[in-house]
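Knowing the structure of chain A, use the given hints to seat chains B and C on it.
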Amino acid sequence: MSTTKLELEILRYDPEKDREPHFETYAVACQDDWMVLDAINHVKDHMDTTLSYRWSCHMAVCGSCGMMIDGQPKLACKAPVSDYAGQKVRVEPLANFPIERDLVVVMDDFMDKLKRVKPYIIRKDEKSIEEGEYKQSPAELKKYKQFTLCINCLCCYAACPQYALIPEFIGPAALTMAHRYNQDSRDQGLAERQDEVATPEGVWDCSFAGECSEVCPKHVDPAGALQQLKIATTVQWYKGLIGMGGK
Amino acid sequence: MAYVRPVSKTSWYLARRSYTVHMLQELTSIFVGIFALILLWGLSAVAAGPEAYQQFLESLTGPGMVLLLWVTTVVMFYHAVAWFSVTPKAMPIQRGEEFVPGSVIAGAHYVVWIVLSVLVLLLAGVF
Amino acid sequence: MQQIDTDIVIVGAGGAGLRTAIAIAEGSPDLKVALISKVYPMRSHTCAAEGGAAGVIKSDDSLDLHFDDTVGGGDWLSDQDVVEYFVNEAPKELLQLDHWGCPWSRESDGSVAVRPFGGMKMKRTWYAADKSGFHILHTLFQTSLKYPGIERFDEFFSIDLLVSDGRCRGVVAMEMKSGQMYRFQAKAVILATGGAGRMFPFSTNGAIKTGDGTAMAYRAGVPTKDMEFVQYHPTGLLSTGILLTEGCRGEGGVLRNKDGHRYLQDYGMGPETPLGETVLKTMELGPRDRLSQAFWHEQQKGNTIPTRWGESVYLDMTHLGEKLINERLPLVRDLSITYAGVDPVSDPVPIRPVVHYMMGGIHTNIDAETTLSGLFAVGEAACASLNGANRLGSNSLTELLVFGKRAAANAVEYVKGAASAGEDAGIREQADKIEAKVRELIQRTGGTESIAGIRKEMADSLESGAGIYRTEETLRATCDTIRELRKRYRGIELHDKSNVFNTDLFQALELGNLLELAQTVAEGAIARKESRGSHQRLDYEARDDDNFLKHTLAFYQGDEPPRIDYHDVVITKSQPGVRDYSGDKK
Chain A
1 MSTTKLELEI LRYDPEKDRE PHFETYAVAC QDDWMVLDAI NHVKDHMDTT LSYRWSCHMA
61 VCGSCGMMID GQPKLACKAP VSDYAGQKVR VEPLANFPIE RDLVVVMDDF MDKLKRVKPY
121 IIRKDEKSIE EGEYKQSPAE LKKYKQFTLC INCLCCYAAC PQYALIPEFI GPAALTMAHR
181 YNQDSRDQGL AERQDEVATP EGVWDCSFAG ECSEVCPKHV DPAGALQQLK IATTVQWYKG
241 LIGMGGK
Chain B
1001 MAYVRPVSKT SWYLARRSYT VHMLQELTSI FVGIFALILL WGLSAVAAGP EAYQQFLESL
1061 TGPGMVLLLW VTTVVMFYHA VAWFSVTPKA MPIQRGEEFV PGSVIAGAHY VVWIVLSVLV
1121 LLLAGVF
Chain C
2001 MQQIDTDIVI VGAGGAGLRT AIAIAEGSPD LKVALISKVY PMRSHTCAAE GGAAGVIKSD
2061 DSLDLHFDDT VGGGDWLSDQ DVVEYFVNEA PKELLQLDHW GCPWSRESDG SVAVRPFGGM
2121 KMKRTWYAAD KSGFHILHTL FQTSLKYPGI ERFDEFFSID LLVSDGRCRG VVAMEMKSGQ
2181 MYRFQAKAVI LATGGAGRMF PFSTNGAIKT GDGTAMAYRA GVPTKDMEFV QYHPTGLLST
2241 GILLTEGCRG EGGVLRNKDG HRYLQDYGMG PETPLGETVL KTMELGPRDR LSQAFWHEQQ
2301 KGNTIPTRWG ESVYLDMTHL GEKLINERLP LVRDLSITYA GVDPVSDPVP IRPVVHYMMG
2361 GIHTNIDAET TLSGLFAVGE AACASLNGAN RLGSNSLTEL LVFGKRAAAN AVEYVKGAAS
2421 AGEDAGIREQ ADKIEAKVRE LIQRTGGTES IAGIRKEMAD SLESGAGIYR TEETLRATCD
2481 TIRELRKRYR GIELHDKSNV FNTDLFQALE LGNLLELAQT VAEGAIARKE SRGSHQRLDY
2541 EARDDDNFLK HTLAFYQGDE PPRIDYHDVV ITKSQPGVRD YSGDKK
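Chains as they are written, first to last, in this note's numbering: chain A, 1 to 247; chain B, 1001 to 1127; chain C, 2001 to 2586.
Quick caveat, the hints were computed from the structure, so don't treat them as lab data. Since this is a predicted model, take the numbers as computed values, not measurements. Take the hints with a grain of salt, since some may be wrong.
[Said to hold, decoys possible] Mimicking EDC-like on lysine to aspartate or glutamate, the simulated pairs with C-alpha atoms at most 20 Å apart in a straight line are: (1) A:Lys143 <-> C:Glu2327; (2) C:Lys2177 <-> A:Asp112; (3) C:Lys2497 <-> A:Glu16.
[Said to hold, decoys possible] So these bits of chain A aren't anywhere near chain B, every CB distance computed over 10 Å: (4) Thr4; (5) Ala27; (6) Thr50; (7) Asp70; (8) Ser82; (9) Val89; (10) Glu130; (11) Glu168; (12) Ser185; (13) His219; (14) Gly240.
The C-beta atom is built at its ideal place from N, Cα and C for all residues, glycine as well.
Just chain A, same shape as in the assembly (with noise of 0.2 Å):
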């Protein structure tokens, strides 16, 4: 089996113990076929045991391993070790979160702002279980099943220099959400979710950065969300002054 050498420079912070984070140096002869999650496992089961970290379903479904390696926000288990073979890999919490403890970053803002976006099926007139399904083609499906994808792993965010910059910002994911919703046939919440989207903390702080499209590990492609959430909005805000709102 052969095996990858790779020097993993990890962030350790305990608030208990230290002012600031600071950086700790571990060698791992990793197998080559393993994630940087692998190695990292690693450390924590036969190197360092303090090392505090968030990890579960290691393929890329959960959302939980989010972290910035070599200065990108990856997932930890979808980060070919291979990829970093021989060098020195710098690994950190997700930036533009505050860091609760060594890579656990503190989420509720997003957890907050995902909330306030109404991410679930609002309709006038519901549909009672006896009459069945509401029937969608395939078509209507296509429409925002992209945007389905997202596992709130906050890669995005921590790509985002707009939330960097503008911490009051909604962000990629959560506005995405809003954006799923709207586009899903069954729903009819557009008008409601006008008052917390078409804000400037909603889409309008959205430069087009396109940073969060670039590392999305799932291609949900919230760039594109947020600039048709834009048309979208402004349509509804145009129909809002005729008297079409349809609230």
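Same frame as chain A, but now just chains B and C:
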């Protein structure tokens, strides 16, 4: 307590190459503004009469002005190309279950741009 | 210690926990629900389920067929009243998810699509591409945000239940970011903490699947049920154990050994079906226990393909075409390329059976009630028993919904009828003792054992002794090892003494839970001297309905191995028969 990493308000765009490129792209809008001003200046000269218009044309021939016009034109082209390449993301066109390829949407923009440009040049008597 | 007073506590915010919370909030908005989870809800392992959720919806299908498939698939260990209720409610629950926005895949006319799945006579598995669990989880989580009555406590690690006067009064949990202990006092507690597959070395399960809720109930005197029934999913990636959904086979994928031979036909699941055409309930669409057992036999015969991570067989999807794979199995393609370096469009994917699901869990009845008044359990953490000795794929996602709703209804009824708990000093003392136990673990010095070391020994022992095929000797060795490891567990020292997000502590607590549950698996297996479903013994190869048509109960006995007892199976319409998965059925 949770540790907040500071972000520099003045040099954040130097932290990553992609940020720097993005800001340079944003700066091209200044040249779009410059071009708009020159255009408005020219229009007002036209409105003011043939002498004023002649003066306007002469002002455009100075070496500094020529350089400015060249730079502005190049940057405007770059701005347009950058804009066209991302337009498909903002306006996806769905045909059944497929999306019209981005290249087609961007391509259509180029076609319209060329057609309009030829039209304007024709009207201006260039051909 | 902080105190939180609420009406109902739900521990676990995966599919089952969220569905339960929503049901309570919708039906009784006046009640307060505390939804506690050691991870943010989106991280719950429901997100990793891929294939789909079963429910009778097409006109050529029937509830009776779903019932028969499930009971037979479970090798007649399923409680048939539970199955009856389940198949009846399944379609309604899946429709409810549609109304809540779940992006089910569709037929061209806009109606919900269904796909074939293992052990099912008819196509009835609703699916959302191959990310069904992910979409179900996110739909439920996002829908739950509508209800102000649900108060979430994200990243709170539950330690133990509070019990007094024969009633469950709440739970003690630690706020992970601060180390602060909380005493949640409630009139009812519902456990929805998932399974414990992490006790094995290779599983499809994420790090968090450590059976914390099951262990808490077990320690509080509630028996576990049927823990020896551990499901190996036939198609997991080597080295990582990552799941490739049964849907691969539902869409026509086939299993081949080193000679390219579709070997399942040699194990009573033939005749070989034409490539790309599935015939339900035969060949690759047989039940999971039979498929995993076939792998074991092939391995014994030397027909498997050696790889540097162990023996494998091939899951061949090359005949399905890129378009179909991109449409219906996009995640599978991504996973194969990322984690196995193989593109299923052009090459067969090496796979092997991996631990996936625990049929066993907290002993509950059809109403999700446990033997402890005021304590309920639902989902993989519970054993009602819907799945008997072997679960059919796509029944468990539906199970979360059907029994989430039922647990909610029963818990609400219980709470409305229950006398007020009143201030109970006994509860405070109990909670203080629980806290003291945790503080002792954190502050302990002079330890000689490592968490990773004990975890590995436990896992290796279970795989070798309580794997797909078991014998008296292998099980005895495992029982002895686990017993020993439980003692050695006390020699663990935490190097992390911090109060802030101390994952050393959480892993130690999780290991403690896994060790206790591992013991119920091994001891239950050695006591069950028959083969049934996923519990296969080389020394007792036949099913023994005379002696073992009953559930295994395991009762906590502190340091001693659990006391094993038995509990009748509810048999209503279907008498134990032969499980015939051959194409030419008599």
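Do the hints match the structure? See the list:
Annotation: proposed proximity of Lys143 of chain A to Glu2327 of chain C holds, straight-line Cα distance about 14 Å (limit 20 Å). Taking the CA atoms of Lys2177 of chain C and Asp112 of chain A, the gap is about 18 Å. The hint holds against a cut of 20 Å. For the suggested pair Lys2497 of chain C and Glu16 of chain A, the alpha carbons sit about 10 Å apart, so the restraint of at most 20 Å is met. The beta carbon of Thr4 of chain A is kept farther than 10 Å from every beta carbon of chain B, the shortest such distance being approximately 26 Å.
Against chain B, the non-interface label of Ala27 of chain A holds: every CB pair exceeds 10 Å, the least being about 26 Å. The non-interface label for Thr50 of chain A is consistent with chain B: the shortest C-beta to C-beta separation is roughly 17 Å, beyond 10 Å. Separation of Asp70 of chain A from chain B is adequate, the least Cβ-Cβ distance of about 12 Å exceeding the 10 Å criterion. Against the 10 Å criterion, Ser82 of chain A stays outside the reach of chain B, whose nearest CB is about 23 Å from its own CB.
The beta carbon of Val89 of chain A sits about 17 Å from the closest Cβ of chain B, which is more than 10 Å, so the claim that it is off the interface holds. Residue placement check: Glu130 of chain A keeps its beta carbon more than 10 Å from all beta carbons of chain B (closest about 30 Å). Taking the minimum C-beta to C-beta distance to chain B, about 14 Å, the non-interface status of Glu168 of chain A holds against the 10 Å cut. Taking the minimum C-beta to C-beta distance to chain B, about 12 Å, the non-interface status of Ser185 of chain A holds against the 10 Å cut.
Listed as a non-interface residue, His219 of chain A keeps its Cβ farther than 10 Å from every Cβ of chain B; the least gap is roughly 13 Å. Distance check on Gly240 of chain A: its Cβ is at least 21 Å (rounded) from any Cβ of chain B, clearing the 10 Å threshold; non-interface status holds.
Of the numbered hints stated above, none is contradicted by the structure.
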